[in-house]
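Enquirer: We have chain A already, so just place chain B on it with the hints.
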Amino acid sequence: MSKTWTNVLRIFSFAIAFVFWGLQLACLVVQARYQAEYIDDRLFYLFNIIVTVALTVALLLTFKKRLNILIGSIAAFFIIFQFIQLQGIKDVTSISPDFNHVFSIKQNGASDATYYRSYYRLLGKPKEDLSYQIKGKGNIKWITNDIAVFTSQSETNGVQQFVGTYGARGDSVAYTYVSTQIRGTWKNDDTTVTASMDGVLITHGDQTTSFEWEQAKQFGTLTLVLTENNEAKWTIGLAEDFYYDQNTPDPPVGSIVLYQATMNKVEPVTLEYTGEA
Amino acid sequence: MEKWGEQMKKGLLVLSTLLLLSMIFMTIYYQKKEPALTPEQALSLSSNTRTAPEKVPEETLQGTPVTDEIAYSLQQDKLQITYNNGQDWVVVPVDKSNLFSGEYNGNQQELIANSFILNEQYAAFLYWNNGVQLIYSTDKDSNWQESLITDQVPPIRYRKIAFLSDDFWYAVISYGRTMSSEGASIYITNDQGQSWRETNMPNTTRLVANGGFVTEQIGVMAYGTINPAEPEMHVTNDGGATWQKATFEMPSKYDGVFVTPNVPYQEEDHLALIMEQGPNGDYGNIQAKFISKDNGLTWEFVEEVEPDNEQNMD
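Protein chains in written order, with this note's numbering: chain A, 83 to 359; chain B, 299 to 612.
Because the hints were derived from the structure by calculation, they are not lab data.
Only a predicted model underlies this, so the values are computations on that prediction, with no experimental measurement involved.
Keep in mind that the hints are not guaranteed to be accurate.
Below, simulated DSS-like cross-link-like pairs (lysine-lysine); rule was C-alpha separation at most 25 angstroms, straight line [unchecked claim]:
#1 Lys299/A with Lys209/A
#2 Lys331/B with Lys209/A
#3 Lys307/B with Lys146/A
#4 Lys269/A with Lys315/A
#5 Lys330/B with Lys207/A
#6 Lys331/B with Lys376/B
Just a few of them, taken from the derived set where beta-carbon distance is under 7 angstroms, the chain B residues facing chain A [said to hold, decoys possible]:
#7 Ser314
#8 Pro333
#9 Ala334
#10 Pro391
#11 Ser478
#12 Ile524
#13 Met548
#14 Lys551
#15 Asp580
#16 Tyr581
#17 Ile584
Cβ pair distances, simulated, as ranges [what the hints assert, rightly or not]:
#18 Asp194/A with Phe599/B: 37 to 45 angstroms
#19 Asn311/A with Thr540/B: 30 to 38 angstroms
#20 Glu332/B with Leu168/A: 15 to 23 angstroms
#21 Asp180/A with Ala411/B: 40 to 48 angstroms
#22 Tyr327/B with Lys219/A: 27 to 35 angstroms
#23 Phe599/B with Ala359/A: 20 to 28 angstroms
Every residue, glycine too, gets a C-beta built ideally from N, C-alpha and C.
Pulled out of the complex, with its shape left as it was, chain A reads as follows (with noise of 0.2 angstroms):
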């Protein structure tokens, strides 16, 4: 390698590991500060990671053999040490398809789990608690851009499923029920929601599952998760191509979105409107 291109390399690791140096510092002030923190705790053991690797790719093109031996003990040492705390972390985050949101859940220790909001996308603030702990991993699913759905085992009720939103249908001045929205009859190959004063009735394939709203939980002003004897069971999005205005009589414009509560993989179904409940 020419040493022009050492020189390069050299300093160009030196900036990497001097610029994540200082985001780390900046992030940590700004936590103090704010009562915020790392939106997923990883990412600081991984700022320390980025920046130990840089400095000794500019240090070790810069000595000779005897010191580089230390100095690639050192950073070896200190990387395995953040890969250690690594492996501690049990916080769930996933970014929203569009890159737009970050939703993230932590647990600490035997504490109930709690949703951090995310801000600047690296950071976060806690929102709300679960009111319960996560069993196992969980997993989180965004049936649309600004609606991320985290499924999981709780440690005593069976499948939660709770919702992050990120956003209105409409032009959304005021709150609105989605359960009043949503009247009427919705359809897919062989799935139906129907809607209704009574509640809803989801039938999929050739199983059909009835549901007061008193059943049903909001989350934001875009979901329900509808449950059955305290256990998730379905949630209900509204689509993004989802419209109605509640001072006119006309029906909604658009689709919802169905996803069922199970630790399975499986799909978001999107239903189409065909009449009134």
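Expert: Using the frame of chain A, we list chain B on its own:
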């Protein structure tokens, strides 16, 4: 040139060591950092510190005011009341935990709303101890009397005691909740708690939101607490013997917004009531006023009102 390079190397080494050291410090700091609090946790923390100042002289009770002069306190693990703004306190002979037994999730720092009456004339507290009981005093000298309302129900969830007059007291209770259904009862006494009689109830097992009487004949029961989509209220015009479901003429833009009716009150020649938003309500800090000209059977919307500006009997 050679010398400059050597200095560069030294500088690089020093800088790298500093970075490494700072990262070690950052790691120590990061791992010791307290996790941030959710808004709810932060709130409960600050309210705890507010109601429990670090140094309370042992004799001073922090009362929860009911009127300017009258207050109660649940500190020192007992229920105490004062009629003179905290100068003298009277202990109510009731086990504090019984005041909260049944389905209750709060911090026991304040009495459950509607579960007590405390005014110049009466002090009365509803509680559960192997049955629904009332401890009351009709004079400020605190000659306490106890009355068993019923021992036929399991621990209670919704509870309300109210006195319409000296000889019309009633209690509304709900019990035995499973998921979204439960039982409910109304008990009335015309002899200041000597004997209680149970009325008939509307034919529903939804969760009780509210209940009460406007007059001795006209009463209501409102249902739906978890996520109601529309108001459900039943009305009696014969003191609880028969019930009919009330209908609300709701402008469609309020569909699903105003869902929890309060107990009505008499206004001029008709009845009026304030309807609140449900537990998820976020339509601003607004309630709706309805009036009824047929003793509560049908209700028409009058206007949006702001809380506190309207008389609100419940």
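Enquirer: Hint by hint, note whether the structure agrees.
Expert: Verification of the supplied hints:
Simply put, Lys299/A and Lys209/A have alpha-carbon atoms about 17 angstroms apart, close enough for the 25 angstroms limit, and the pair holds. Taking the CA atoms of Lys331/B and Lys209/A, the gap is about 18 angstroms. The hint holds against a cut of 25 angstroms. Under the criterion of a C-alpha separation no larger than 25 angstroms, the hint pairing Lys307/B with Lys146/A is consistent with the structure, at around 11 angstroms. With a C-alpha separation of about 18 angstroms, the suggested pair Lys269/A and Lys315/A falls inside the 25 angstroms cut-off, and the hint holds.
At roughly 18 angstroms between alpha-carbon atoms, Lys330/B and Lys207/A fall within 25 angstroms of each other, so this suggested pair holds. Straight-line distance between C-alpha atoms of Lys331/B and Lys376/B comes to about 38 angstroms, which puts the hinted pair past the 25 angstroms bound. Annotation: Ser314/B was flagged as interfacial toward chain A, and the flag holds, the nearest CB pair being 5 angstroms apart, inside 7 angstroms. Of the supplied interface hints, the one on Pro333/B holds, with its beta-carbon coming within about 6 angstroms of a beta-carbon of chain A, less than 7 angstroms.
This hint holds: Ala334/B has a C-beta 5 angstroms from the nearest C-beta of chain A, less than the 7 angstroms allowed. Annotation: Pro391/B was flagged as interfacial toward chain A, and the flag is violated, the nearest CB pair being 37 angstroms apart, outside 7 angstroms. Of the supplied interface hints, the one on Ser478/B holds, with its beta-carbon coming within about 4 angstroms of a beta-carbon of chain A, less than 7 angstroms. For the restraint placing Ile524/B at the interface with chain A, the shortest Cβ-Cβ distance is roughly 4 angstroms, inside the 7 angstroms limit, so the hint holds.
Contact between Met548/B and chain A, as hinted, is not supported at the beta carbon level, the nearest pair being about 11 angstroms apart and thus beyond 7 angstroms. For Lys551/B, the interface hint holds, the least distance from its beta-carbon to any beta-carbon of chain A being 5 angstroms, beneath 7 angstroms. A distance limit of 7 angstroms between C-beta atoms decides the matter here; for Asp580/B the minimum to chain A is near 3 angstroms, and the interface restraint holds. Interface restraint check for Tyr581/B: the shortest CB-CB distance to chain A comes to about 5 angstroms, inside 7 angstroms, so the restraint holds.
Hint status for Ile584/B: violated, given a least beta-carbon distance of 10 angstroms to chain A, over 7 angstroms. Asp194/A and Phe599/B have their C-beta atoms about 41 angstroms apart, which keeps the hinted 37 to 45 angstroms range intact. Here the CB-CB span from Asn311/A to Thr540/B is close to 35 angstroms, well matched to the stated 30 to 38 angstroms. Between Glu332/B and Leu168/A the beta carbons are some 21 angstroms apart, a value that agrees with the proposed interval 15 to 23 angstroms.
Evaluation of the 40 to 48 angstroms hint for Asp180/A and Ala411/B yields a pass: the beta carbon distance comes to about 45 angstroms. In this structure the hint that Tyr327/B and Lys219/A lie 27 to 35 angstroms apart at CB holds, the actual value being about 28 angstroms. Distance hint for Phe599/B and Ala359/A: a CB-CB separation of about 25 angstroms, consistent with the stated range 20 to 28 angstroms.
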